[in-house]
Structures are given as structure tokens and as C-alpha cells.
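Visitor: If you want the building blocks of each chain, they are given just below.
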Amino acid sequence: MRAKPKTVLIADDDMDYLYQMKTKVEKLGFEVITADNQTEAELLINSFKPDLAIFDLMMENEDSGFILSYKIKRKYPDVPVIIATAVTAETGLSFDIHSEESKKWIKADLYLDKGIRSDQLQREIFKLLKV
Amino acid sequence: MEIIKLLIVDDEPGIRSGITRVLRDFSVSYPFMDEPCGFEITEACTGEEAIDSVNNNLPDIVLLDNKLPGIQGIEVLEYINRNHLDIVVVMITSYASLEIAVKATKNGAFDFIPKPFTPQELRSSMETITKQVYFRRITKKLNTAGKQIRFQFLSVLSHELKAPLNAIEGYLKMLQEKQFGDNVVDYNHIVDRSLERIKGMRSLIMDLLDLTKIESGTSTRNIVELNLINIAQTSIDTMKPFAIQRDVDLYLNSHNALLFKCDANEIEIIFNNLISNAIKYNKEGGRVDCFIKEKDDCYIISISDSGIGMTEEEMEKLFNDFVRIKNIKTKNISGSGLGLSIVKKIVDSYNGDVTVTSIPDKGSTFTITLPKN
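Chains as they are written, first to last, in our numbering: chain A, 55 to 185; chain B, 29 to 401.
Treat the hints as calculated values from the structure; they're not laboratory data. Treat the hints loosely; a few may be bogus.
Okay, derived cross-link-like pairs now, DMTMM-like style, lysine to aspartate or glutamate, Cα gap no bigger than 20 Å in a straight line [to be verified]:
| id | chain 1 | residue 1 | chain 2 | residue 2 |
| --- | --- | --- | --- | --- |
| 1 | B | Lys190 | A | Asp117 |
| 2 | B | Lys190 | A | Asp70 |
| 3 | B | Lys206 | A | Asp70 |
| 4 | B | Lys357 | A | Asp67 |
| 5 | B | Lys201 | A | Asp167 |
| 6 | A | Lys81 | B | Asp210 |
| 7 | A | Lys127 | A | Asp105 |
| 8 | B | Lys201 | A | Glu80 |
| 9 | B | Lys323 | B | Asp277 |
Go ahead and model the full structure; you've got the sequences and the hints to work with.
Guide: Next up, the structure:
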């Protein structure tokens, strides 16, 4: 009997990006649940535990992705979180997750550039889920 | 009270305490100042002490005696200018020879106060100098604020321009990787979405061009007397196909000619943006009503829709750059987030006013008041 597929929660307010990411992740054999804003993602987090989460950084708030990863880590500390962003290239803002100080409050496990290729995405997700 | 920091440099204690006494409770006020300017006074008795004081607590004004025991006043002035310190320096000296005057002016002294001076002479000099300091402060503030706004605008703009490019790029990659197999029909959705994003990007660029034209000033402005009703009618004709597509009816409810001195393009942008919003955020079978009236010395344009409306909170942010109201009802409506900010900028340039009233699920009314002159 095949095991139940793992579930990935994806939140992004750009419907096209959401669709593209959903398609890519589904192709890797996961079940995908989507939210197109921070509020909806928060509701979903409260109602079920995904195996992995991918959040866009800027949604209703410019740090929506951070807020979501903080909340999900508080509820389910073992769920890996990826923040998908192009924010550095776009705005000149830079959030360095490698410094000790930012690690303290930015709870994401990984940052991914939004233009990531499917095979790289697969490698990163499998690494985080230890498959 | 706005505080101006004043440093008095003189080796004669009598002069220092005299100036302090005169200026301690003195304040300068002009009609253009929000509040009067008062002085926070520090004293120094040598040039060396003056330089220390300048370095530790940067004053706005230095009243500087030239004849000092150690280094001379003029050397303190040179020090200030060499280090590009933002200080208005005024020389006080009884030995104001022509030579020193020329040298001091070359080194950027703002003014002279010849010794001896009466309290009244000192106060009137200080008024002029304070005005200078006040203008420098305001200019600095405006520059900083302007830079910040510009930076924010460019940040958001680059985000708004890149988002559609990223989306289209993503779709093209899916096509390239043949994500859905070899059948072209299976790619209809992603082609449609790509075209939709291109359309959105084009309208953003058009809005940006409008914005640039407005912000670059009057060079292309062509002010003539025009009938507002005709401009409204042109705009309604332009928007008609869009309205039909959305099943919304457009009504122009005023007919008497109303002549207004304006630039036709600008007023048309106002109508186009407000009417297209009224269609976009409407309901199927809804209506848009446009009224133009004359009241006292103003024209009043109002555009009402029977659409989705907004909450108080949403209304507050409405006229800023790149603001788009995001909720479940607006989810599938696209826009640049610049339309209303453009309307506001144009209306401002006519010294007019734009307001909005709205009831969620009932509709919104945008009202523009344009003074006739």
C-alpha cells in the first residue's frame, strides 16, 4: 500500500505564481493546499498541520512571510518553512538569515528565489523533508 | 518653540554675558514659521574652545569675534568651512577692516555685526540670521522627505513591474519544459494568464506615463476653456465597450454646458480613471451615474456606482500610490494601484478636492470639487 502523500501549504498573493508553484510541487508527488493571502494562510495553519510550508514574503504586509513562519513554528516547531521571495532583487531590502541575530527572530528554514527551477526546488524540498 | 543653537565666541566676558542677556528671552517669529524660534546659548572665550564646542555640540549660529587670544576668529571660520559644517557664521568685531571683511566673506561668513552694538541692533541682526537658519532647516527637511518618498515609490514600482514579468517567465518555462505534455490546448490557461499579465503591465506603464506628465509640471499643459460635459461624454464613449463587457450601464445625468479652463487630457484622465473604477468594482447589471454641477465658485463632479463599496479603513488609504484594496471581492480585479493617486494629483494641481463616500455592498461615490479659477 502506498503511503498517503505529504501535504505542502503554499501562500502567495500573486495568483499566477501560486498556480505555478502549486503545479511544480504537485508534480513532485505532494498534495498542495493554497492560500492567496496571509489571513487565509493563518486560518489554514490553525486547522491543519502541513508537512512543509512555502510562503511568499510580501502579501498584505511587507513581512507577511515572516509573520506566517513565526506563527507556524510556534504551533508546529517541526514543520520546515521556505520563504520564496524576490524581495532583495526587487526592493534593495535585504534580510540576512545567516547572521545570528536574524536567526533569532526569522524562523524560516530556507530562502528561495522565486525563479527557482523545478529540479532545484525538488532537491531543496526533499532535503528539508529528509526523503 | 523651535530651538536654535547659538555659540558666542568672544574673549571679553562682558560682551558674552551682554549678548546672552539680550538673547536669552528673545524669540524670532515670522508669519511663515509654525512656531517662534528661541535660542539655546553656549559661550566660548577662545578660538580653540570654540572649535571644541563646534565639534561636541554643533550650533546653528556662531557669533564670532575675530580678535582672540590664541587662534583668530577667521581661523575658526576657516575650520568650519573646511569641515563643511552646516553653521551660519556671523563675525562680531570692532577691527572690521576691509581686509578681514573680504577674507571672512570669502570663507563663508554670512554677516557682520560691528562692535559696539545696541541690544536693538543685535536683535534685528539675529532676526535676519534666524530666518536664514530656518530656511536651511526647512530645505533640508524637504529634501530628506522627498528622497524617502521617491525611494519608497521606486521600490514598490519595481516590485509591481517585476511581478508580471516573473509570472510570465514562469509560464514560459512551464511551456519550455512541456509540463502538460505535447498538446497545445493544454496550455491555453497559461497563455491566457500571460496575456492578462501583459495587459496589466501595459496599463501600469500607461498610468506611469500619466503620472510622469503630471509630476514633470506644466510644460505640456494646454489650458483652454472647455465644456466639462463634452469631456465626460468622450470618456463615457471610451469606456462603453468595457461597460458592456461587464454588463454595467453608464449614465451622464447633466447636460447644460459648463465651461472650465483646463487641460483636456488631464480632465479626461480624471473621468476615465473614476469611470473605469466604477465599472470595475461594480456588480453585474449595475450602474454608474455621473453628475456635473455648478455650485458657487466651483464645479462639482460626482461619479457613483452600485458596486462592492468599501469600509472606512479601506477608504483612508485609497489615494496613495500603489494602494489596492485587497479582499475577497476584489480578488479577480486587476489594476495598477495608481489610478486614484493620479486623480488626486491632477485635482490638487487645480486646487481642487476629491472625496469619497461608500457603503460596503451598496456602492461608492467619488466627488471632485474644482474651483472655477
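Visitor: Where does the structure disagree with the numbered hints, that is, which hint numbers, in rising order?
Guide: Violated: hint 9 alone.
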